[in-house]
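S.K.: First to last, the sequence lines map onto chains A, B and C. Just so we're aligned, residue 981 is where the first sequence starts under the working numbering, counting upward by one. Just so we're aligned, residue 1389 is where the second sequence starts under the working numbering, counting upward by one. Just so we're aligned, residue 3 is where the third sequence starts under the working numbering, counting upward by one.
Since the hints were made in silico from the structure, they are not lab data. Just so we're clear, the structure is a prediction, and the values are computed from it rather than from any experiment. All residues carry an ideal CB built from backbone N, CA and C; glycine is no exception. There may be inaccurate statements among the hints.
Claimed, not checked - Taking CB as the label site, the calculated pair distances span:
(1) C:GLY320 with A:SER1181: 46 to 52 Å
(2) C:VAL316 with B:ALA1680: 21 to 27 Å
(3) C:GLY320 with B:PRO1771: 42 to 48 Å
(4) A:ARG1134 with B:GLU1505: 33 to 39 Å
(5) B:ARG1498 with C:GLY319: 48 to 54 Å
(6) C:SER287 with B:ARG1741: 53 to 59 Å
(7) C:ALA30 with A:VAL1135: 19 to 25 Å
(8) B:VAL1739 with C:GLY319: 45 to 51 Å
Stated by the list, open to error - Quick partial rundown of chain C residues pointing at chain B, CB under 8 Å, derived from the structure:
(9) GLY50
(10) ASP158
(11) ALA262
Said to hold, decoys possible - Which chain C residues stay away from chain A? Per the calculated CB distances, all over 10 Å, these:
(12) TRP68
(13) GLY84
(14) GLU86
(15) ARG100
(16) ASP115
(17) PRO116
(18) LEU118
(19) ALA130
(20) GLN131
(21) SER173
(22) ARG176
(23) LEU324
(24) ASP332
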Amino acid sequence: MAAPPPRARRADSRFGVFWRVLRANPLSLIGFILVVLIGVTALLVLFAPSLLVPYGPLQETAQRNAAPSLQHLFGTDNLGRDIYSNVMLALPLDLGIGFAIAGSALLIGGLLGLVAGFYNTPGTLLGYTSTVVLRVTDVFLSFPSLILALALTRVLGLGVGPSVLAVTITWWPFYVRLVRGEVLAVKHLPYVNAARAAGVSENRILLRHVLRNVLEPVIVYFTLDIGTVLVTYSTIAYVGVASIYPSAHPEWGAMLAFYQGTGSANVYPWLVLAPGAAVFVTVFAFSLLGDGLRDILDPRTRRAFVRGATIHDPPAEAGVAGPLAAGSLAPDAGNGSEVPVAEATG
Amino acid sequence: MTDPVLDIEHLEITYTVGAGTFRAVSDVSLRIFPGQVVGIVGETGCGKSTLAQAIPRLLPEPPASIGAGKIVFRGTDLVQVPKRKLPMVRGTGIGMIFQEPLNSLNPAYRVFDQIAESIRIRHYREMGWVKSFQGGDPPFDYSKPAAATPTATVGGALVRSIVPDGALEEAARDRLRTRSEFRAEVLEYLRLVRINDPETILNLYPHELSGGMRQRIMIAMALSAKPSLLIADEPTSALDVTIQAQVLTLMKELIEEVDAAILFISHDLGVIAETADEVGVMYAGRLVEYGAVGDVFRSPRHPYTKALLRAAPARYKADGPLSTIPGSVPNLSHPPPGCRFHPRCVLARDVCRGEPPPLAPVEGDPGAPGVHRSACYFASEVPGLP
Amino acid sequence: MSDAAPVLETAGLEKFFPITQSFGDSLARRRPRAIHAVDGVSLTVRPGESMGLIGESGSGKTTLGWLVARLHEPTGGALRFGGEDITHLKGRALRAWRRNVQIVFQDPVGSLDPRLRVWQIVGEPVRAQEGVRGRELRERVRALLPTVGLPPDCLDQYPHEFSGGGRQRLSLARALSVRPRLIVLDEPTSALDVAVQAQILNRLVELQRERGIAYLLITHNVAAVRFVADRVAVMYLGRIVEQAAVRDLLERPVHPYTKALLAAVPVPDVSRRRTRYRIGGEIPSLIDPAPGCRFAPRCPFVVDRCRTEDPPLVPFGGSGRLVACHRADDVKDIPPEVLLVRDAVAPGPSAAAGPTS
């Protein structure tokens, strides 16, 4: 039986793996769909408000303090303002705030973490800088983030902008820790040393190898983080230091603050239930998606979903044995790795 | 003829993962009698570790599932035992030694605490405080038939029968062992695994010990529960060569003393040759050859076994390229039809693609369990291969 | 083997890893301690030659391999490549030199960047050294893959789509891509199955015949060394204890540790069931080792002199053999099998006792 030369199959697409993982994990599928819906809705509200937003934010109608009905899906407040419209209008703003804070924190903290993790040989200037960065990070991390954010708003002033800045300042240290940890883990992997042995410069190693491999757990964290950021920001808004409500630019936290503060919520619960539910649903959706992403991006769980796989070893000599079968090992179930070797520093 | 401690019949284990179903173990039948050491040898992915972990039902059952077959341990089919009753079987019933002792020992507890816990649980079972495996029946006593009375040897601890003769006194039932009594017994087990300075070792944490030491502790832990069946899953693979030789010597001596039934899993033919009485060769989830270790290694009757023996490097080799087995291990979600080795086999013919060959005796009386068996239609041609 | 300048030469090479002192220790002005991973190794590899390096954990063989590939900088001694001193090479000069020595690692999974495709991984050295990019790089990789037995059209696959053996072939292709003069092979087949190991080792030997590359093969697998290497050095605790032509060393080992190592290798021979291994003890710590022969605590042939005097690595018995043992003459004819006591395995105190802490 002649042996045909081994053929490589078309590379299994990342997209295909993505769908299969989502399908296997119904919760993350829900999260994904929800996030997409939220995103689409936000875009529509921004660019085609007439489609989804029946009333203006400050528009007063005849029905005052009306319970939810077909005309006013989430009811109205004491001046007849439609809660549903306000909630919808707040969506792009809140979403934008979440991304702005988490995104800025990721950029700043991530950059610092990359440098601190990779260039940390003691005795060099960069190494010294890394140590300084880490100590500053520790100082920030020793404060409870909410208290620190509130304190900063005192200094920075009221309004959306200063509040976003305040939360961002308390947030970036987490990313330094996260990214640095990932960098440290990757730094010692053989492929980094192989690149060094190939003569690749340190900077290029950082960008090409370390960054790409660090990115995925960071993205997962980022997705989950959006929810946390939103809750923190809403809390600050709730205390009343962020935006003013009612206004032309409503925001969920401000809505909660206003209706709770004036006591109307005790009598007309829909006034706070609606914005509160909006926060909840958004945070929940991102959390589910983040969990799903983790499964997609982790190479070990991902491997289970890759079809077929494996380029195998060729026949030793021509004409010796039969046609080759595509080979792939059964998934690891404590099967033990292939012969490991005990090796310390020697 | 005594009953086997372990009797596996036509076991099938499959994994269901995202991309498909893998038939990790297919139609494996096996028997281990008291005092016997049975080795299972095969390459990575052949299913031997899956088999080892399936016996005490340690496999995570959602991805894995036992499709068909029986695992009869001392008369009870473990496949039928409900999950919540399984802890009764493990420990005093079946003990396990794993490959990487750093992962198997709890890093937060000292050596004394880990061994003492094992003894304590056994003690509770002896006292009847915790349901043990077979209710009122006396647990298996694997003392050697010739030495029913305790001897003065270091292995005497294991030769004593577990339940003292006679009825347990009420006072004894209620008494908890004191810490110093535990200590004495723990020290006895540490000496059993040939640790020279057990008092010092008692207070150390696993990370303070070397690989060989940890493996000895694992063996001591497993033995302290006085199991009827000991499963050793690649116990020496993670150790350095000289340490491996030490631990293997220890195991050989313990096998003589303890006279338990042992299932020894390894990928290393040399290790199996030194420890096992009978050996089964696994390939792609199937047993392809089985018999007394001398028979199988000296005159293999399956092409895979023969190729494996030839490829396994002996220390001194003739010149020329190393012999290999062309091709690679099949994908267990789509195994080849018929005999799973046929795509790589020099003896393969059309019939090999049809019905998979049964594990049939090479010669001799089919009833005898230790008879040399091979799953190949052309077993008689194997000795003629180079 | 030619008489040309050796490809690699080390002289008294040392690599110590300092252990950071606790504050209390520095207050008390105690001398800082260090791990003596490689402690005075002198080695020569000639062009096109294969040098095997065998030893267990803590022997320093991996660290030595990394030193040779300049992934570590030596803390003492000298390292010469093709006559040129590269001990303290840095920066751009070091990167340019790197085309001469490449390394293949033990871990098939960790050796390849999981986010990159085959052509990017295998082509990386060429890209770094010769600046080749894009389509031309792909062509270079495509031409290279068949030499390691991989299909030429798998350029766009990811590492996880390959078996362990396939991945090691990729690592090998990457190492070969810049036509180095020496390849350090750090346990290249330890994580693979026996049959696959044989395939890779066969290929290594063929490649050496075709291209005249020198190998430094680091392994604990004695048979691999027998097959691939011309000469072999045995390391213990940071030092070479014996060095000789492969056949000589394996058939007539002189140093007691070499004997211990060879006796310990399990062989599928049923007659070994009744043997007990006589060498007890564990590998001691690498931190500030005591004076005297490092194998003395475990050596069955030890005498008083061994515990106080460090035996030097000196020529012994001609034909290029070097041994570091005071008692080389006495023990040279004792075969390794002596360390396997052949009696009925019986209960009782055993010489193969476990270590004292």
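S.K.: Each of the hints needs a verdict: does it hold here or not?
M.R.: Tested hints:
Checked against the hint of 46 to 52 Å, the pair GLY320 of chain C and SER1181 of chain A passes, with Cβ atoms roughly 48 Å apart. For VAL316 of chain C paired with ALA1680 of chain B, a C-beta distance near 49 Å fails the hint of 21 to 27 Å. For GLY320 of chain C and PRO1771 of chain B, the Cβ-Cβ distance of about 44 Å falls inside the hinted range of 42 to 48 Å, so the restraint holds. At about 55 Å, the beta-carbon gap between ARG1134 of chain A and GLU1505 of chain B misses the expected band of 33 to 39 Å.
Distance hint check for ARG1498 of chain B and GLY319 of chain C: the Cβ-Cβ separation is about 50 Å, which falls inside the suggested range of 48 to 54 Å. As the Cβ distance of SER287 of chain C to ARG1741 of chain B is approximately 58 Å, the hint placing it in 53 to 59 Å holds. Distance hint check: the CB atoms of ALA30 of chain C and VAL1135 of chain A are about 47 Å apart, inconsistent with the given range 19 to 25 Å. Checked against the given bound of 45 to 51 Å, the beta carbons of VAL1739 of chain B and GLY319 of chain C, roughly 58 Å apart, lie outside it.
Checking GLY50 of chain C against chain B by beta carbon gives a least distance of about 18 Å; that is not within 8 Å, so the hint is violated. Interface restraint check: ASP158 of chain C against chain B, minimum CB-CB distance 20 Å, threshold 8 Å, status violated. About 6 Å separates the beta-carbon of ALA262 of chain C from the nearest beta-carbon of chain B, less than 8 Å, and the hint is met. Distance to chain A contradicts TRP68 of chain C as a non-interface residue, since its nearest Cβ pair spans about 8 Å, not more than 10 Å.
At roughly 17 Å from the closest C-beta of chain A, the C-beta of GLY84 of chain C stays outside 10 Å, upholding its exclusion from the interface. With a minimum CB-CB distance of about 16 Å to chain A, GLU86 of chain C clears the 10 Å threshold, and the non-interface call stands. Here ARG100 of chain C does not stay apart from chain A, with its beta-carbon only about 4 Å from theirs, under the 10 Å limit. At roughly 5 Å, the least C-beta separation between ASP115 of chain C and chain A is not larger than 10 Å, which violates its mark as non-interface.
The Cβ of PRO116 of chain C does not lie farther than 10 Å from every Cβ of chain A; its closest approach is about 5 Å, which violates its non-interface assignment. In this structure LEU118 of chain C is not separated from chain A by more than 10 Å, as the shortest Cβ-Cβ distance comes to only about 8 Å. Not every C-beta of chain A lies more than 10 Å from that of ALA130 of chain C, the closest at about 4 Å, which undercuts listing it as non-interface. Once the 10 Å rule is applied to beta carbons, GLN131 of chain C is inconsistent with being away from chain A; the minimum gap is 5 Å.
The Cβ of SER173 of chain C does not lie farther than 10 Å from every Cβ of chain A; its closest approach is about 7 Å, which violates its non-interface assignment. Look at ARG176 of chain C: its CB is around 7 Å from the nearest CB on chain A, not clear of 10 Å, so calling it non-interface is violated. The non-interface label for LEU324 of chain C is consistent with chain A: the shortest C-beta to C-beta separation is roughly 20 Å, beyond 10 Å. The claim that ASP332 of chain C is not at the interface with chain A holds, since no C-beta of that chain comes within 10 Å of its own (minimum 28 Å).
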